[in-house]
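There are 2 protein chains.
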Amino acid sequence: MSKRICIAVDAMGGDHGPEVVVPGALEAARSKNLKVLLVGDEARIKTILAQESTKGIEVEIVHAEEVVGMEEKPSEALRRKKNSSIQKAFILAREGKADGVVSAGNSGATLACGMFTVGRIKGIERPALASILPSEKKPVVLIDVGANVDCKPHHLLQFGLMAEIFARDVLKIQNPTLGLLTIGEEEGKGNTLVREAYNLFKLSFLNFVGNVEGRDIFKGNVDIIVCDGFVGNVALKLMEGLASSLGALLKEEIKKSFLAKMGFLLAKKALKNFSKKLDYAEYGGAPLLGLKKIALVCHGASNSKAIKNAVLMAASFVKNKANEHLEEGLSMHQEINLLGKKALTTQKK
Amino acid sequence: MSKRICIAVDAMGGDHGPEVVVPGALEAARSKNLKVLLVGDEARIKTILAQESTKGIEVEIVHAEEVVGMEEKPSEALRRKKNSSIQKAFILAREGKADGVVSAGNSGATLACGMFTVGRIKGIERPALASILPSEKKPVVLIDVGANVDCKPHHLLQFGLMAEIFARDVLKIQNPTLGLLTIGEEEGKGNTLVREAYNLFKLSFLNFVGNVEGRDIFKGNVDIIVCDGFVGNVALKLMEGLASSLGALLKEEIKKSFLAKMGFLLAKKALKNFSKKLDYAEYGGAPLLGLKKIALVCHGASNSKAIKNAVLMAASFVKNKANEHLEEGLSMHQEINLLGKKALTTQKK
Chain A
1 MSKRICIAVD AMGGDHGPEV VVPGALEAAR SKNLKVLLVG DEARIKTILA QESTKGIEVE
61 IVHAEEVVGM EEKPSEALRR KKNSSIQKAF ILAREGKADG VVSAGNSGAT LACGMFTVGR
121 IKGIERPALA SILPSEKKPV VLIDVGANVD CKPHHLLQFG LMAEIFARDV LKIQNPTLGL
181 LTIGEEEGKG NTLVREAYNL FKLSFLNFVG NVEGRDIFKG NVDIIVCDGF VGNVALKLME
241 GLASSLGALL KEEIKKSFLA KMGFLLAKKA LKNFSKKLDY AEYGGAPLLG LKKIALVCHG
301 ASNSKAIKNA VLMAASFVKN KANEHLEEGL SMHQEINLLG KKALTTQKK
Chain B
1 MSKRICIAVD AMGGDHGPEV VVPGALEAAR SKNLKVLLVG DEARIKTILA QESTKGIEVE
61 IVHAEEVVGM EEKPSEALRR KKNSSIQKAF ILAREGKADG VVSAGNSGAT LACGMFTVGR
121 IKGIERPALA SILPSEKKPV VLIDVGANVD CKPHHLLQFG LMAEIFARDV LKIQNPTLGL
181 LTIGEEEGKG NTLVREAYNL FKLSFLNFVG NVEGRDIFKG NVDIIVCDGF VGNVALKLME
241 GLASSLGALL KEEIKKSFLA KMGFLLAKKA LKNFSKKLDY AEYGGAPLLG LKKIALVCHG
301 ASNSKAIKNA VLMAASFVKN KANEHLEEGL SMHQEINLLG KKALTTQKK
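Just so you know, the protein sequences line up as chains A and B, in that order.
Following the working numbering, the numbering of the first sequence begins with 1 at its first residue and continues without gaps.
Following the working numbering, the numbering of the second sequence begins with 1 at its first residue and continues without gaps.
No lab work stands behind these hints: they were computed from the structure.
Each hint should be verified, as a subset may be incorrect.
Identical chains blur together in the list; that is why a pair holds if it fits in one copy or across any two.
What the hints assert, rightly or not - Here are the computed lysine to aspartate or glutamate pairs in the EDC-like style, where the Cα-Cα straight-line distance is at most 20 Å:
id, residue 1, residue 2
1, LYS256, GLU136
2, LYS272, GLU253
3, LYS269, GLU125
4, LYS46, GLU65
5, LYS268, GLU252
Please take these sequences and the hints and turn them into a complete structure.
This is the structure in structure tokens:
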């Protein structure tokens with residue numbers, strides 16, 4: 001029997017803490033025969049475990065004294081809280097005791113600890129955060145959604161490569177299509193960064209379909225959309241904000257009318273199905289790609305289902321050897337990568 | 001009696017052409033005692049005018065032989081179609097025969113013709129396109145939404161200044177607040193462009209409230225949100241796309257259930273009020289700020305109401321001497337502007 005895949009879960013992360021994280025992690029371990037390491041306040045986790053059935057599950061508590069708060073600065077968290085649950089989870093990964101990390105805590109601190117503790121895959125200059133978004137047709141991967149605010153063209157190419165392997169290995173999309181997020185679909189549209197990245201993508205072995213626009217994210221006609229982390233993060237927060245504000249405005253109108261209230265009661269099931277399609281918990285978390293060990297960053301408001309799905313996704317990433325495939329992909333694209341860097345050197349002269 | 005404010009309207013622009021544009025322009029002229037110049041195919045406009053009441057309205061047709069198609073490249077349209085309706089509208093403005101221009105046509109061509117024909121206000125390096133967006137509380141101005149893809153920090157400051165004067169003079173917001181669109185609210189968050197622009201805004205006389213995130217656009221806690229035209233255009237198209245895709249997904253679910261269909265029928269009025277809050281036609285168009293003459297770019301799908309409101313907005317801009325106020329604002333900010341440019345020169349060394 002091969003060794004079980006082991007995921008270290010930051011049990012203290014997220015708005016709801018271990019009460020939500022622990023059951024989610026256990027559920028994942030149960031469903032796919034995984035091992036989970038619950039990292040955090042031992043006493044608190046023990047109390048929760050006592051209420052759960054752990055029969056047949058391989059689970060261990062790894063005590064961590066400190067917790068990084070949601071509002072703490074990543075750099076300071078890294079420096080001052082060396083015994084935080086998120087830091088300890090990555091240390092377990094570095095020591096080979098865990099194959100991947102899942103956290104619903106401070107995402108900036110997760111990025112910082114990941115970079116510092118397990119480090120990048122050789123050849124990847126900038127690990128990037130991908131987000132799996134619902135669309136009219138199928139899930140769409142948006143990368144980078146916030147790990148890198150100032151990017152070079154060859155960074156975008158690497159983001160595309162990482163997302164492509166993730167889409168193949170984890171989302172099981174065959175020959176995924178990639179587009180560059182810009183303004184206007186024709187070649188030559190966009191800012192300098194995108195225009196230069198366009199040329200690199202055209203040379204690559206990726207299934208590049210050209211430029212896509214903001215509206216294409218939800219159409220679902222392309223599997224992966226690549227952008228720099230500034231644009232991607234603005235986009236992500238804008239989507240969250242728009243969806244929530246539309247909901248608030250709609251609720252306000254409905255409250256005003258008895259008929260409307262009745263109407264929405266009748267449509268309750270349809271609305272529930274609608275919400276389910278948009279439920280981030282279906283994919284659980286945003287994969288942080290390019291580290292030596294996979295890490296998934298979950299939404300702070302994650303419920304147990306989201307945690308469960310994130311742990312399963314991390315395990316699937318490990319099981320399907322996505323990082324090995326990434327290294328292969330990198331070597332195939334080495335020349336184009338160099339081309340991108342060369343172009344930069346020439347510009348500087 | 002003072003001379004009537006005169007707006008040149010590109011009668012051929014938009015998906016629906018003069019059949020929609022002409023009635024909208026007439027309606028505006030009627031309601032605020034304006035003069036309108038309808039620029040385009042004389043015969044076609046005459047036929048439409050014959051069906052409308054023009055009593056007491058000062059209206060003239062200015063013939064233009066050519067029309068720029070929605071998909072044409074702006075640079076080519078400018079070079080090849082010297083007698084297009086949009087180009088002619090700007091020529092009328094340059095010659096002092098019109099005080100402003102409104103077009104629902106090719107927005108890229110409108111920008112290009114505006115820049116080329118009437119030119120920039122002295123001191124404004126980059127005219128910018130502002131969009132007036134609905135929010136939970138009050139309209140929010142987002143600037144730039146696509147005129148400038150690669151920006152420098154002092155360009156963002158100028159965008160803010162232009163939007164501030166527009167918000168005061170046209171939207172009648174007293175002492176409007178401004179925020180910089182970025183990722184994370186604390187000072188020092190964002191990419192290099194935003195971080196440097198932050199310092200310039202802090203030095204300015206503007207009512208700068210700091211960084212805002214994508215989700216803040218719809219909260220309505222800040223009056224003006226400044227970003228570069230790449231980010232702004234991605235954001236704008238993303239909002240359009242998300243709203244339309246959410247609608248499509250919801251419709252799909254409702255269709256599946258008889259109860260849901262009944263429910264939505266009951267809630268019809270509330271839904272209509274909800275849609276009204278999001279109706280772009282309420283503001284009509286996106287002002288192109290920084291040109292010697294105001295121009296408004298309307299959505300291609302504009303209805304007559306949108307055209308009417310855009311013409312009224314252009315007239316209000318002229319009436320309230322917004323461009324004169326902009327020149328005053330520019331002179332007040334000259335030193336900060338220079339500081340921004342100086343920082344750039346130092347960097348290059």
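Could you work out which of the previously given hints the structure breaks and list their numbers from low to high? 3
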